[in-house]
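Engineer: These are the residues of each chain, in order.
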Amino acid sequence: MAEELLGDPRRRRDQGLWAPLLAKWSELDGAGLVAFARALPPADRGWLEGKAWYTWGASNPAAASAAGGTLPKTCLRELIQGMSRKDPQAALDFALRMPEAQMNVWLLSDALKALPPERLESLLPRAIYDGMRMPLRAARAAALVETDPSAALAATSPQLGHDGVPATLALIAEKDPAKARELLSAMPSSRSRALSSLSLARTWAAQDSGAALTWARRDLQCPVRQAALLEIAAVSGGSAPAEALALVEEAGWTGQGNFGAVRGGNHIPVEAAGFPSPVKTAGLLLQQLQLLDAEMARQYLRNRVPEEYRAQVAKKAGMTLEP
Amino acid sequence: MKTLPAAVALILAAGAGFSLGWYPDGRGHGLTAESPRAAARRESPPPPAPAPASKLPGFALELPDLPSADACRLFLKELDTRYRGRHPLLRDTARDFALRRWLELDAESALAEAERGSGSKGIGNDLFRVWLDLNPESAIAAWNQTSPALAAATRDSFLSTLAETDVARAFALLSTPRGKSGWAFSDPAAEAILRLWAQRDPLAALAAAKPPDEDSPEGRARVQFPRDVIFEAWASSDPAALFAYAKISPNSESSLENLAGWLVPALLKSDPKAAAEVIAACADSTYSLASKWADNDPRSALGWAETQPVDSRQAQAVKLHAARKLATADPLRDIALLGDCRSAASGDQGYWLNEGYREAFASLSATDPDKAREMIAGNPDLATSGVNGYLTHAFAKDAAEAIAQARKWLEVPALAATVVPAIRMAYSMSNGAPARDFSPVLAAMPELASRVDAETLRGWAMAAPESAAEFLASREAAGKPVAGVKDAAVLTSIANARPEWTSQWLSGLPEGLLRQDTAEMLSANWSAYDPGAAKDWIDSLPPGPSREAAVKAWDKRLEVPNNPFLLED
Chain A
1 MAEELLGDPR
11 RRRDQGLWAP
21 LLAKWSELDG
31 AGLVAFARAL
41 PPADRGWLEG
51 KAWYTWGASN
61 PAAASAAGGT
71 LPKTCLRELI
81 QGMSRKDPQA
91 ALDFALRMPE
101 AQMNVWLLSD
111 ALKALPPERL
121 ESLLPRAIYD
131 GMRMPLRAAR
141 AAALVETDPS
151 AALAATSPQL
161 GHDGVPATLA
171 LIAEKDPAKA
181 RELLSAMPSS
191 RSRALSSLSL
201 ARTWAAQDSG
211 AALTWARRDL
221 QCPVRQAALL
231 EIAAVSGGSA
241 PAEALALVEE
251 AGWTGQGNFG
261 AVRGGNHIPV
271 EAAGFPSPVK
281 TAGLLLQQLQ
291 LLDAEMARQY
301 LRNRVPEEYR
311 AQVAKKAGMT
321 LEP
Chain B
1 MKTLPAAVAL
11 ILAAGAGFSL
21 GWYPDGRGHG
31 LTAESPRAAA
41 RRESPPPPAP
51 APASKLPGFA
61 LELPDLPSAD
71 ACRLFLKELD
81 TRYRGRHPLL
91 RDTARDFALR
101 RWLELDAESA
111 LAEAERGSGS
121 KGIGNDLFRV
131 WLDLNPESAI
141 AAWNQTSPAL
151 AAATRDSFLS
161 TLAETDVARA
171 FALLSTPRGK
181 SGWAFSDPAA
191 EAILRLWAQR
201 DPLAALAAAK
211 PPDEDSPEGR
221 ARVQFPRDVI
231 FEAWASSDPA
241 ALFAYAKISP
251 NSESSLENLA
261 GWLVPALLKS
271 DPKAAAEVIA
281 ACADSTYSLA
291 SKWADNDPRS
301 ALGWAETQPV
311 DSRQAQAVKL
321 HAARKLATAD
331 PLRDIALLGD
341 CRSAASGDQG
351 YWLNEGYREA
361 FASLSATDPD
371 KAREMIAGNP
381 DLATSGVNGY
391 LTHAFAKDAA
401 EAIAQARKWL
411 EVPALAATVV
421 PAIRMAYSMS
431 NGAPARDFSP
441 VLAAMPELAS
451 RVDAETLRGW
461 AMAAPESAAE
471 FLASREAAGK
481 PVAGVKDAAV
491 LTSIANARPE
501 WTSQWLSGLP
511 EGLLRQDTAE
521 MLSANWSAYD
531 PGAAKDWIDS
541 LPPGPSREAA
551 VKAWDKRLEV
561 PNNPFLLED
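Quick note, the sequences are listed as chains A and B, same order. Quick note on numbering: the first sequence equals residues 1 to 323 in my numbering. Quick note on numbering: the second sequence equals residues 1 to 569 in my numbering.
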């Protein structure tokens, strides 16, 4: 059957056909599946060999890991990730016995959440590099969110390169936005608190944009308020870009402060890349509006965007500025 | 409930006339009219015909009738419970089935559901993957019309999936407003697209990756990343062709020396003679060969190195880089292998040798601390690296136990000199800093106060800003200030973590460099997110250099620091 699929140009990459075939084959004869993939010409082998190891790892972690201990990096990573679907603990143990063990743990970021918190805690001192440390910390925070959100927040420390506090607050907000709001309001003024306000705005707006908007308007001050309104506009603007553009106008066209960046030293935090700006958010919403109503988008650009920002917004929207 | 072969069900879903046409022509109804996305719902095709007989016997997956969007939503919610114990790929298949069905029934509500779940539990990536499989034009139009937040969250997955069927189109989307990356040097979507393209048509991929400003320094820096991706993928899919290309290419970036680390492991399997030719071409520059080969396939690299003469510097470099990859997994073997490489380890190679030892001894300290101590005591050559690694792990695990061990080694003449540098390395941000709060160490070993530098304080300030600040003040008061704390972002960390506390702490500092630098960093950072509080504090400062520094920083609060890793808007 696999040969038939590979010989059919319409079906040779059809995931819907391959998935059940690989699942069944790997359960019956994982070694045979891998041998088949390895014997293919390079173009098909490159596509199928990794999938074969992934699938076998997901079917029978013990047998697949026993056979795959000497794999090169690409297939080894597929095997580790496949194993994690069936047995996260076995996947972690195997990953730590393989080359580049510290970085292998990064591959298991999602699966680690299934492990007991005490296991995660015991592994943290072995993390020499962030590649292993960050997923372990994130998984520990995720586990704590389920039982004690306050403790989860307390166990997350702000870092210059990547602040984990907003991510933990977002996990809390996914389950209970009101609890997240309560914990946020108890935090003292800090960059972590400011960034966490944005993660709450994002997460809450996805669930209930009206409630998020009410909170942002009532509880936040500029520049955090401006950035939060832009986050809400970006999240909620799917079905109504014009309404979201009104939020950009409410937020104000002039940037009130970029706290994604930090001042002092040569640190470049990851938050700097995704920090919301009125120009960027308006441009993306306008691009969206243009697909729905090109004339309205043109009018908006001409009549509502201040002249000093018009060219930048047009560029972000992929629109041509009229003379 | 009916039993369908999953694959057949999916083919049905695809073949049932899915043709939503997610506004590829850009039609619209005005801002106050009915949402065009809602109009799509009315135009959805009817449910698919009943399933035909199974064409894949033995692959059965029980799939329910899903007559409505709500039924799809519920099915997805209960999917893991319903199919517990089934192969993960079958669960994925069932998930895809439901998403396809939802798209057929009501694409508008499926997209709205994805927009509601843009957090960790969202369906966005899977929905667009299925959508692209069903109808790429419709999926691209929908992706361009979804919320900016969902478009950004699904960007990498969306473009990578599209590349599997239309690599040129995916590459073109990288230049559109929603497809653009904000990062200047690294982009997972571009990497996935170029990798696929390189496997199919490497010369076309190289031509596409050539930036218009290739001859400028910025252009040269930006083009290196995509070219490396292309060459690595090309080497993997067709090493013979890349070998031939490299031999006639006039460009240094596609020389045999530069490509050796990717070519050799692939050629060893298909054309050992050509592999030997490439290795010989790298006799005078081994770093590229060694690091890329070891990164790609450390076992193959080690296997080759073990067959070479023991005094071959090239083989030793390859072995060094390959052995490093085993440091955590197999520390004893790593230590033995690194021992063979000592004569090759000069300059940068010496750094990698020491890092390999440190990681290995840290791992051994975790799994067999007695053995680690025995090796450190019995081998003077390993003393420095061994103590570094041992204490790196020990301080991360339990500072009190680590201090006790450090005190024992301080009594051993052969090891005493290695202990304090090793403690500093355990707390060094440049070395990963598994341990950060230095106050327990100083409480037990106050004699180390004069050895605390800005590098140690970087991590300390993140973990415990108040005690780090108090230490800084104590050194200032003793007339022995710690140098470089402003450039190392120590003051930035303290200010951002505890701005109100910092403002009070600062008021207790005497006028001087530490106070001025702290005032500047506090003002510059605090004013970016809490300008009202920052202004109140600045107004409360007495006249003097610190106030002037704070006011100057306040005046620049809207300026965004330059970030070379971000692309200009």
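There may be inaccurate statements among the hints.
Unchecked claim - Here are some chain A residues the structure puts well away from chain B; computed CB gaps all over 10 Å:
#1 Glu27
#2 Ala35
#3 Ala178
As the list claims (entries may be wrong) - Where chain B lies over chain A, by a calculated footprint (3+ residues, C-beta under 8 Å):
#4 41-49
#5 65-75
#6 92-106
#7 144-157
#8 181-190
#9 263-277
#10 304-314
Said to hold, decoys possible - Here are some of the chain A residues that sit facing chain B, going by a computed Cβ distance under 10 Å:
#11 Gly7
#12 Lys24
#13 Gly32
#14 Phe36
#15 Tyr54
#16 Ala62
#17 Gln89
#18 Asp130
#19 Thr214
#20 Arg218
#21 Cys222
#22 Ala233
#23 Thr320
What the hints contain is simulated information worked out from the structure, not anything from laboratory work. Idealized CB from N, CA, C, for every residue including glycine.
Engineer: Confirm or reject each hint.
Structural biologist: Right, here's what the structure says about each hint:
For Glu27 (chain A), the condition that its CB be more than 10 Å from all CB atoms of chain B is violated, with the nearest at approximately 6 Å. Every CB of chain B is more than 10 Å from the CB of Ala35 (chain A) (nearest about 16 Å), matching its label as outside the interface. In this structure Ala178 (chain A) is separated from chain B by more than 10 Å, as the shortest Cβ-Cβ distance comes to about 16 Å. Counting residues of the region 41-49 of chain A whose beta carbon lies closer than 8 Å to any beta carbon of chain B gives 3, which reaches the threshold of three, so the coverage claim holds.
Evaluation of the coverage hint for the region 65-75 of chain A: fulfilled, as 4 residues show C-beta separations to chain B shorter than 8 Å, against a requirement of three. As drawn, the region 92-106 of chain A meets chain B at 7 residues by the rule of a beta-carbon pair under 8 Å; at three or more, the given contact holds. Three residues within the 8 Å Cβ limit are the bar, and the region 144-157 of chain A against chain B gives 1, so the coverage statement is violated. Judged by the Cβ-Cβ criterion of 8 Å, the region 181-190 of chain A is covered by chain B as claimed, because 3 of its residues qualify and three suffice.
Check on the region 263-277 of chain A: 10 of its residues sit with their Cβ under 8 Å from a Cβ of chain B, so the three-residue criterion for coverage holds. Counting residues of the region 304-314 of chain A whose C-beta lies closer than 8 Å to any C-beta of chain B gives 1; at least three are required, and the coverage claim is violated. The beta carbon of Gly7 (chain A) is not positioned within 10 Å of any beta carbon in chain B (closest approach about 16 Å), and the interface hint is therefore violated. Proximity of Lys24 (chain A) to chain B holds as hinted, the smallest CB-CB distance being about 6 Å (cut-off 10 Å).
Annotation: interface hint on Gly32 (chain A) violated; nearest CB of chain B at approximately 16 Å, more than 10 Å. The beta carbon of Phe36 (chain A) is not positioned within 10 Å of any beta carbon in chain B (closest approach about 16 Å), and the interface hint is therefore violated. Interface hint at Tyr54 (chain A): satisfied, since its Cβ lies 8 Å from the closest Cβ of chain B, which is below the 10 Å cut-off. Interface hint at Ala62 (chain A): violated, since its Cβ lies 15 Å from the closest Cβ of chain B, which is beyond the 10 Å cut-off.
Restraint check, Gln89 (chain A) versus chain B: the minimum CB separation of about 16 Å is more than 10 Å; hint violated. Annotation: interface hint on Asp130 (chain A) holds; nearest CB of chain B at approximately 7 Å, less than 10 Å. A cut of 10 Å between beta carbons decides the hint on Thr214 (chain A): the least distance to chain B is about 18 Å, and the hint is violated. For Arg218 (chain A), the suggested interface contact is broken, since its CB lies about 16 Å from the closest CB of chain B, more than 10 Å.
The beta carbon of Cys222 (chain A) comes within 8 Å of a beta carbon in chain B, closer than 10 Å, and the hint placing it at the interface holds. Restraint check, Ala233 (chain A) versus chain B: the minimum CB separation of about 8 Å is within 10 Å; hint holds. Among the interface hints, the one on Thr320 (chain A) is violated; its C-beta lies about 13 Å from the nearest C-beta in chain B, farther than the 10 Å criterion.
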